[in-house]
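Asks: Here are the chains, one letter per residue:
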Amino acid sequence: MSDALRQRIFAELDALILIDPHTHINALDPASRTLADVLGYHYYTELAHSSGMPKDQIEQPDLDPKEKCARLIARLGPIQNTIQYSWFIEMARELLGFDGDLITEENWEAVYDTATERMAQVDWADQVLRASKLEAVFLTNDFDDPLEGFDTHVYIPCLRTDDLVFHLGRSTVRQRLEQATDRSIDGVGTLRDAIGRIFEHFASRNARACAISLPPDFAPQPVSDGRAETALQSVFTQGMDAAPSHRQALSNFVFWTLAEFCAEHRLPFDLMIGVNRGVYADGVFQGQDLYDSRVSLIQYQQLFNAFPKVTFPVSVLASVTNQELTSYAWIFPNVVTNGHWWYSNTPTFIEHDLAARLEAVPETKQIGYYSDMYKLEFGLPKFRMYKRILAKVLAERFVVDRGWSEQRAVALGKRLLRTNVESVFDCGGETNIELFDADA
Amino acid sequence: MSDALRQRIFAELDALILIDPHTHINALDPASRTLADVLGYHYYTELAHSSGMPKDQIEQPDLDPKEKCARLIARLGPIQNTIQYSWFIEMARELLGFDGDLITEENWEAVYDTATERMAQVDWADQVLRASKLEAVFLTNDFDDPLEGFDTHVYIPCLRTDDLVFHLGRSTVRQRLEQATDRSIDGVGTLRDAIGRIFEHFASRNARACAISLPPDFAPQPVSDGRAETALQSVFTQGMDAAPSHRQALSNFVFWTLAEFCAEHRLPFDLMIGVNRGVYADGVFQGQDLYDSRVSLIQYQQLFNAFPKVTFPVSVLASVTNQELTSYAWIFPNVVTNGHWWYSNTPTFIEHDLAARLEAVPETKQIGYYSDMYKLEFGLPKFRMYKRILAKVLAERFVVDRGWSEQRAVALGKRLLRTNVESVFDCGGETNIELFDADA
Amino acid sequence: MSDALRQRIFAELDALILIDPHTHINALDPASRTLADVLGYHYYTELAHSSGMPKDQIEQPDLDPKEKCARLIARLGPIQNTIQYSWFIEMARELLGFDGDLITEENWEAVYDTATERMAQVDWADQVLRASKLEAVFLTNDFDDPLEGFDTHVYIPCLRTDDLVFHLGRSTVRQRLEQATDRSIDGVGTLRDAIGRIFEHFASRNARACAISLPPDFAPQPVSDGRAETALQSVFTQGMDAAPSHRQALSNFVFWTLAEFCAEHRLPFDLMIGVNRGVYADGVFQGQDLYDSRVSLIQYQQLFNAFPKVTFPVSVLASVTNQELTSYAWIFPNVVTNGHWWYSNTPTFIEHDLAARLEAVPETKQIGYYSDMYKLEFGLPKFRMYKRILAKVLAERFVVDRGWSEQRAVALGKRLLRTNVESVFDCGGETNIELFDADA
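Residue numbers (the numbering used here), protein chains in the order written: chain P, 209 to 648; chain G, 209 to 648; chain Y, 209 to 648.
Hints were generated in silico from the structure; no laboratory data involved. Each hint should be verified, as a subset may be incorrect.
Note: identical chains are not told apart, hence a pair may lie in one copy or across any two.
Unchecked claim - The calculated SDA-like cross-link candidates involving lysine to any residue, where the alpha carbons are at most 25 Å apart (straight line), are:
#, residue 1, residue 2
1, K263, A514
2, K622, A223
3, K517, L643
4, K517, Q494
5, K622, P286
6, K274, G285
7, K274, V319
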């Protein structure tokens, strides 16, 4: 009975048309062109490498896409157990007409060829969006992205700010900021002004969020203009060799300034807390980052208190931080739980973390899921995974354990999947509904 | 089959008459007078505030109880998913004759009126205790509570010591201590003597425990009288502005002294570990506290070793500390697991934490649950929630996974719910059985 | 249906013949001689003590084995709920013909007598191995163990290195090293040479792993020979009273040197991370250790990067570290997840930790389980416990949740239980198959 119940709830949730509130899609090239773009996703390269495939076989320069796929497919055997492998199979089944459980050296070429053919169709990206029941996806844009050449109501801009906060000591970053804002930056005043111009540009192009990923030891605090000026001069002079105290002060100053502009522009500030970059130095591209799970949201106490008008959708990298996230979202009006990030984006952690949030965080303050994808083809299997887990938790913990009606459980699921994305990010008003006209 | 099994085990557990070993009940005013006392519970005010209700609408001075309820009810929609909301509904159904799943702007007034009527009955508190199958509840008494005017075998005193350990630098606290003990406190000797008098007073009034809540960074250690004297003089002179080292030394001295008196009076010392007070400065009353989950019981190593004769029922605020608690109770004879506290008092965490304890801590060393309630009406729904989870864990993990008989599983549940409360706190000998005469 | 499915998967897994990759078996005395050896396992003594049995009743010198059992049996009532107690019962049922659920003061003597009789049989150890479906077990050998007098393909040596890394300041340890390597050790050069000789000895006797347990604050890093020399001279002169910085430098030097020899000899280096020794000073033998769960694998970042050719099977003491272990094994090619250690070796933690690993770590990089046993009789019940949980996770999370075939799920289970032990530790080629000839 519980299995049938889960299936019914899943079917209802899977019928919804959604907005994906965080991806790394390139709006000018959103979908894959060959299966190599699919298998080039860091999950496959890093897991293949982790299970023994040499990095240079994966990252050989000018490698032919088909040869890259041949090599990777040959090394996916050891990762067939992973949930990431299941995304690949479900994608192939739903989008490429594959009919099987495993893609191996025996059967991969047909998949490759079908992919090449379908992905060459001019409306492939729209086909994928439609099949995935996604009407829009949020982007992750560099601060100097011109945000031109695409429909910002389908590909919704989001201002990514890691470079501004942590890498302003690199001359290239400073130069990019000067060029993007058409001004020379020589002090705190001009820096603040430049950041303001970036916000204006993003706001004018329908940006719906500001976002940043943060290392475990970051603990934001305000910095006076005087202290920031000293820090800025040191960092601009000495670059990444400036004293840590100066680099930290400048990071704090920029971060706090971003929050001020988020307040002014009424933009939610996505905080993605907990990543250490480059831990495995010889890892494949995007497969080098890990974390120290000893992080606490108490580090953000001052921030959450200082900006009551800024909504902070918070993602945490480690499941052990999820209870703190649950508790902080339960107490702070401006803290919202946001999806299941990266190393916590696997079923066991999602199930545990989701169940905890559903019981104690107001239902209006939970963003259920985002795909974090780089290519559109992954929206479908990643959201499907989440919806299955959501259906399981709703069935077991609400219908069975708490005696809820099925209808009420589905309504709660819908809120996490769709309604809250609209309300938290103030989007969805001008939706891409023509994409789904045929279905409607 | 598993569902029916859970129901049968729950029914057996729900038939037991219990003692609630930790509440914040005011013995002189134990039950609610109107529904505003119910909805004034911080869970509802903080969750309503978290989901958007302005604090001043909740905490307006001299607010009429009915108007307060009208306002809160109108803002509970976003928290209908929470387990805390389910406590409210179950309480209304069981104690107020409400028949429905949601209390909204449409139907709340009848509930309000019924509540006002029933709560005005002279034996309402006893009715609630009887319906809740609670024969006695532990209190949380200030050190200067006269403990008079109530039956200490129904409302069992417990000496709460946060003020003594952490706030002795406040002149009001010192004055209260001097008045309560009728002596001037000017040094370590008189302070120890005063604390001894407090213990004697509490012991003479049937106190069954000493208790304290502790911040995550507290790590108790003994302090010599000489060092304590220096610290005390500094703190008494400079108050809360005294150097942190002095304040910390005095806290440690008082804490250690409390443990010594617990040994002398054979009182268990409830440690509630991990709370940071006032994290959300603008939160509603009792809705400002959070935590840093980076705490370890290794901080209590010296204490547990130094007082082998004192039983420490330990509660931890974060579920990530539960495995340490389980392990420390498995090794240290004087460490007992105690309930599921505050931010860990939601089903997902209770289920995980309870299951872990049941497998590895001697069954005699686990206090299953306490309600932590401020008004008697919450004992029923909170204990019911726990008993449902306990029945689930016993059914799934003992009867199904380990092949236990149903009878044996129920016996284990009974031990956690009732027997251990009696044995650990040495209570239950003179029980309030006349309350249940009619039922018996 | 799910229950029957679990049973079928369990039956398939339970039919496998395994190698136990970590135990504390004494190869010259591998099995128990009386029931006192069974009940002398620290789990029973420490849990009995924790629930009230005085230490001196357990550890009285020259205590008769039967009297020891009589005393312990009388005190096991409070621990009948624990999973450790279930190991005892399952062992007695499967190996001693006991037929019941509880062994108490009423029925223990028959069990004792049967045990004495059976354990006296000359082939008892082989009987136990056969009944347990274990063809070989790894040992935990002191660095100066002669490794003689046993079949190293059944009792596979493993070089335990805690003494070398942490206790070289004790003159007895230094003397043992000098004797074992037949050389005087007076500096870094001779120390490195001695360690090399130890490795050669172990390698010549079929050692398949090097192993160490590590405290939570250990963070290995390379130390120059010059710095190591200074540290070594200080530690050799002042022993355990040497400055912490010197002791730490020497520990780091020895640890790093061990990793270098592991690389040279292609030996996996088992890291068992997180234990604090002697936390409960008055605890029973082997019942004094606990932990601080605030540990991170980021502490091992430099090590994992520096030794890409050394496989590190990693065990973590606390379940809260399991997600980091999962993530590090997902990224680092040389990190392998290894079993469920000590305080995490109980069903709730195993289930959660195992499920997380199965979803995200390449299936070739997971060592499912080791028994950690001191006497052979515990292999059977401990592996059974694990296999039941593995069957549950495979049934619920792979067959039901992910639609896998039963056959595929069993194959994954087999890989964790058997195949990976062979491939990671390069063993199993010369197996003890004659032990199972009768069954085959």
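Asks: Please go over all the hints and tell whether each is borne out by the structure.
Replies: The hints, checked one at a time:
1. K263 with A514: Close across copies (16 Å), not inside one copy (46 Å); limit 25 Å.
2. K622 with A223: within (10 Å within a copy, 38 Å between copies)
3. K517 with L643: neither (34 Å within a copy, 52 Å between copies)
4. K517 with Q494: between (34 Å within a copy, 22 Å between copies)
5. K622 with P286: between (36 Å within a copy, 14 Å between copies)
6. K274 with G285: Only inside one copy: K274 and G285 sit 18 Å apart there, 54 Å across copies, limit 25 Å.
7. K274 with V319: Within one copy, since 11 Å is at most 25 Å while 67 Å is not.
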